[in-house]
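S.K.: Note that the protein sequences, when read in sequence, are chains R and V. All residue numbers for the first sequence refer to numbering that gives the first Met the number 0, where the first residue is 0 and numbers rise by one. All residue numbers for the second sequence refer to numbering that gives the first Met the number 0, where the first residue is 0 and numbers rise by one.
Incorrect hints may appear among the rest.
Pairs of lysine-lysine, BS3-like flavour, derived with a Cα cap of 30 Å [as the list claims (entries may be wrong)]: (1) R:22 x R:80; (2) R:50 x R:127; (3) R:133 x V:424; (4) R:50 x V:426; (5) R:22 x R:46; (6) R:80 x R:46; (7) R:46 x R:18; (8) R:58 x R:80; (9) V:292 x V:264; (10) V:424 x R:50; (11) R:46 x V:424; (12) V:426 x R:133; (13) R:80 x R:50; (14) V:426 x R:80; (15) R:21 x R:46; (16) V:424 x R:58; (17) V:424 x R:127; (18) R:58 x R:18; (19) R:127 x V:426; (20) R:18 x R:41; (21) R:127 x R:18; (22) V:424 x R:80; (23) V:426 x R:58; (24) V:342 x V:302.
A few chain V residues that don't get close to chain R, going by computed Cβ distances all over 10 Å [claimed, not checked]: (25) 255; (26) 292; (27) 342; (28) 406.
One side only, chain V facing chain R, incomplete, derived with CB under 7 Å [claimed, not checked]: (29) 185; (30) 205; (31) 206; (32) 456.
Please keep in mind that the hints were generated in silico from the structure rather than gathered at the bench. Since we're looking at a predicted model, the values are computed, not measured. All C-beta atoms, glycine included, are put in the ideal place defined by N, C-alpha and C.
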Amino acid sequence: MSSGVQPSQECLEKFQELKTGKKLSYVIYGLSDDKRSIVVLKTSEDKDFDKFVAELPEKECRWAVYDFEFELPGGEGVRNKLTFVMWSPDDANVRNKMVFASSKDALRRRLEGIAIEIQATEYSEITKEAVMDKALRR
Amino acid sequence: MVYNGDEVSALVVDFGSATTRAGYAGEDTPRVVCPSFYGYTTEEASASTSSAANGDGDGHATNGDDVSMEPAPEGAEGAGSKQKGAGRRFYVGDDGVGVWRPGMEVDNFMLDGVVNDPEPAAALLHHILRDRLCVDPTEHPLMLTEPAWNTPKARQALAEMVFEGEGMPALYFGSSGVLSAFAAGKPTALVLDVGYANSSAVPVVDGYALRAGTMRQPLGSSLLVSQLHHHFTNPSRDRAFPLSLLPRQLIAKRVPTSEIGGRPKPIVRDDRAPHTTASWKLWAENNVVEGWKEACTEVVSYKGFDFQTANDLPRVLYELPDGYTQNYSEERYRFSEMLFDPKNYFDQSFEPPATLRVTPNSDHSHSLKDLVSLSQLVHDSIMSCDVDVRAALLQNIVVVGNTSLTRGLIERLDVELAAVMPSQKIKIHSPTIPFERKYASWVGGSVLASLGTFHQLWVTKDEYEEHGMSIVNQSE
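Kindly generate the complete structure, drawing on both the sequences and the hints.
M.R.: As C-alpha cells, then:
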C-alpha cells in the first residue's frame, strides 16, 4: 500500500551526485508544499555525523541518505556505506507520520546502492554506534 | 494542515468486531462510532408482541426514539439490503441494540474479525451514509479497512455492498495492519492489535502485511467479558449472592443501598421483562460488564500474579446499574491476567461465547483451546518471518486496539517480551493519544484517502463493472 506520492527528478540526481561524486556527505528529503511529491530539502558536504543528525527536526518526519564512512577493525582501511534513514519522531503528528511512512517505498526503491537502512523515532536510535553496528554486520 | 484533498471528499469506514467507525477522510477522528451488534425482529415475533410495543411509549422516551432501520429505507434506494429479506427487520446504529424493543434479538455481523453477514452490515453502512453522515453515497469514494486474514467471500460481499448497493463511485481496501503501522510512522513494524474478538500480530514490511507471519487468536475483551460475566453471575469468595447485571433499560426504579457489598433491590420493569429475548439480555448484561471492565480493569506490571498479595492492590469503588456497590481489588487484575497467562487464568470450565469458537487452530491462528500470551503471539509472529527483518520488527512493535488501553498493559508487555526474547533489542511504540490507538486503522485510512496523489489507486465503479472482483483484488 502506498500514498502515490513520487520523488522529483532532483531527488534522484542529488542521490547520484552523493553516490558517485564523493563530494556530498548527505541529502535530506521531505515533502513538497503541496504534498504531492518528494523533494530535496538540503544537501551538505559536512561529514560530521552529529551535525547530520541535528538536521532532523524534533517534530517532523524526514528521509535522508548519509554517506557513512568508517574504518574496518584491525586497520583494514576505510569504507563507505550509503545509509538510508527514515526519520519519524514520536512527536510528529499522525498525518505527517502517515504520509512519510506510506511514501517511503516510492523513494527508497529508486535509490540503488543503499547498504544500510535505519528506521528511527528518536535520536538515541540514530547514533554513530548504531549505524556502525549495522555496517559491520554484513 | 490541509493535504490538498483535490475535492475527493472520500469516506472511511472501518468495520470492527465491537464497533464500526466511519467518517470523512482528512479528519482526525471518526464522526460515527456505533456498535457492530444489531437488533432484529422477525415478522412473527413483532406481530405477536405488537401490543407490548405500544405499551412501551410510557414516558421512558429518553432513549426510546425508536429510530429504526427498515431493511429497505426510502423504497428502491436501499434495495441492496432487502434482497434476502427473510422477514428480518434490522435495528442498527446507536439506536439499534441499545434501545429495548419487545422480541428483539441481538446478533453481530462480524465473526473472527471478518464481515460475516453482509445483510445487516449493509443496513448499517446505509444508515451511516444516509442518516449519520448525511451524504449522497454516489458522490464519495470509500475506503474500507480489512484484516490481513479477510476472506475473498467477505471482500466480494463488501464490494457488492459498496458498488451495487450504495452506488458509490470508487472503493479501496486498506489493510488494517498496514494502516496502523503507517499511522505510527512506520513502513516496517509488527502490529499487535488487541481488540474485542481477537488479538492479532501482523508483520508489516515496507508497507506490506506479510500473510506468512500473521497470527491471531480469540483472546480479547469479548472473552474477558464472558469470564467476568460468569464470575459476577455466580457467588464468589466475598459475595454470597449472584449479581443481577440488570441493564438500566430493565430497571424501573432503584432503591438506594448505602451499604457497600449489600444486596441491591432494583424494581424490575415487569412490562418489559417478559418480552425480552435471551440474546438481548445477554448483550445488555455484557454491556454492563464491559462498563465495569473499562472503569476497573488493570494489568499488573510484573510477571507471576499472586492472589495472596492481591489484597494490597489499589481498590476502586464501582456501582452497577442495579445499585450494587463494591470496592473492588483483586478482581480488577485477576481476569485481565488472562492476556498474559491464558493457561492459568482462562477458565474453561464453562462455555465461552460460541462466536469465539470459530477461530481454527492453524499456522496462522490459535483456537480458544490453545490460546497463548500476547508476548508469545508477538514472538511466534516475528519468528515466522525472514531472519533479515526480525530485528527491525522487534524494534518497531506497534500496539493498537481498544483492549490495549487497559492500564498497565504496555508496561507488562515490555516485561513479558523481554522474558520471552532475552538479549534482543525490543521496542514498543504505542500511540499516546487514546483514539489514535483505539481507531488506529481508521485514522491511518483517513490520512491516506485524503491525499490527492492517492486518486490513482482507487478502483472505480466503471472498472468494477467491467472487470469484476479481479480488479479489486489487484489493487494494493
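S.K.: With reference to the structure, classify each hint as holding or not holding.
M.R.: Here is what the structure says about each hint:
| no. | hint | result |
| --- | --- | --- |
| 1 | R:22 x R:80 | holds (14 Å) |
| 2 | R:50 x R:127 | holds (12 Å) |
| 3 | R:133 x V:424 | holds (13 Å) |
| 4 | R:50 x V:426 | holds (26 Å) |
| 5 | R:22 x R:46 | holds (10 Å) |
| 6 | R:80 x R:46 | holds (13 Å) |
| 7 | R:46 x R:18 | holds (14 Å) |
| 8 | R:58 x R:80 | holds (27 Å) |
| 9 | V:292 x V:264 | holds (23 Å) |
| 10 | V:424 x R:50 | holds (26 Å) |
| 11 | R:46 x V:424 | holds (28 Å) |
| 12 | V:426 x R:133 | holds (17 Å) |
| 13 | R:80 x R:50 | holds (18 Å) |
| 14 | V:426 x R:80 | holds (26 Å) |
| 15 | R:21 x R:46 | holds (11 Å) |
| 16 | V:424 x R:58 | holds (24 Å) |
| 17 | V:424 x R:127 | holds (17 Å) |
| 18 | R:58 x R:18 | holds (29 Å) |
| 19 | R:127 x V:426 | holds (19 Å) |
| 20 | R:18 x R:41 | holds (16 Å) |
| 21 | R:127 x R:18 | holds (20 Å) |
| 22 | V:424 x R:80 | holds (23 Å) |
| 23 | V:426 x R:58 | holds (20 Å) |
| 24 | V:342 x V:302 | holds (14 Å) |
| 25 | 255 | holds (45 Å) |
| 26 | 292 | holds (27 Å) |
| 27 | 342 | holds (34 Å) |
| 28 | 406 | holds (20 Å) |
| 29 | 185 | holds (6 Å) |
| 30 | 205 | holds (5 Å) |
| 31 | 206 | holds (5 Å) |
| 32 | 456 | holds (6 Å) |
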